[in-house]
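My request is simple: use the sequences and hints to build the entire structure.
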Amino acid sequence: MTGTRRDYQKDLVGGVQDVWTSGERNALAVLATGGGKSVCLSHIVAAERGASCVIAHRQELVTQLSTHLGRWGVPHRIIAPRNVVRRIGELHRRELGKSWVDHGAMASVAGVDTLVSKSRAPLLSSWAQQVGLWVIDEAAHVLR
Numbered sequence: 078m079t080g081t082r083r084d085y086q087k088d089l090v091g092g093v094q095d096v097w098t099s100g101e102r103n104a105l106a107v108l109a110t111g112g113g114k115s116v117c118l119s120h121i122v123a124a125e126r127g128a129s130c131v132i133a134h135r136q137e138l139v140t141q142l143s144t145h146l147g148r149w150g151v152p153h154r155i156i157a158p159r160n161v162v163r164r165i166g167e168l169h170r171r172e173l174g175k176s177w178v179d180h181g182a183m184a185s186v187a188g189v190d191t192l193v194s195k196s197r198a199p200l201l202s203s204w205a206q207q208v209g210l211w212v213i214d215e216a217a218h219v220l221r
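Position 86, counted from 1, in the sequence shown is what the working numbering calls 163; the numbers after and before it change by one each time, with no gaps.
No wet-lab data here; the hints were simulated from the structure. Any given hint might turn out to be false.
[What the hints assert, rightly or not] DSS-like cross-link-like pairs, simulated, lysine-lysine; straight-line CA separation at most 30 Å:
id	residue 1	residue 2
1	LYS175	LYS114
2	LYS175	LYS87
3	LYS87	LYS114
The structure is reproduced here in structure tokens:
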């Protein structure tokens, strides 16, 4: 894993890990705009040993999160339409020198529309049951 985190980003990641160590399953991490939430979540996902998934509500954010994971050297699958996966892989090669998209990786980035698609539900069901860490970007968009 490459990259540098600021002290407050280290504190945020440590705080999330402290919540999990205390036995809580859910943690909400908040940083101001431009504070480096993607850097923090990339670090958390990189440290996860089991299957993980970062969920975003727009394709632009799926692309951004995938690129951040690539910058941290985290191979990951992208759960999105094929053209989106192809476009992100090309972006990685241009910006990062190689594609970090790996269809067999433990880490994933997904668009919420793809995850809730009725046509994809049968294909994603067994995979989703294996995911132990769900990270939701822009949690304000989550409905009960």
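Hints and how they fare:
no., hint, in the structure
1, LYS175 to LYS114, "holds (24 Å)"
2, LYS175 to LYS87, "holds (27 Å)"
3, LYS87 to LYS114, "holds (11 Å)"
In terms of the numbered hints stated before, the structure departs from none.
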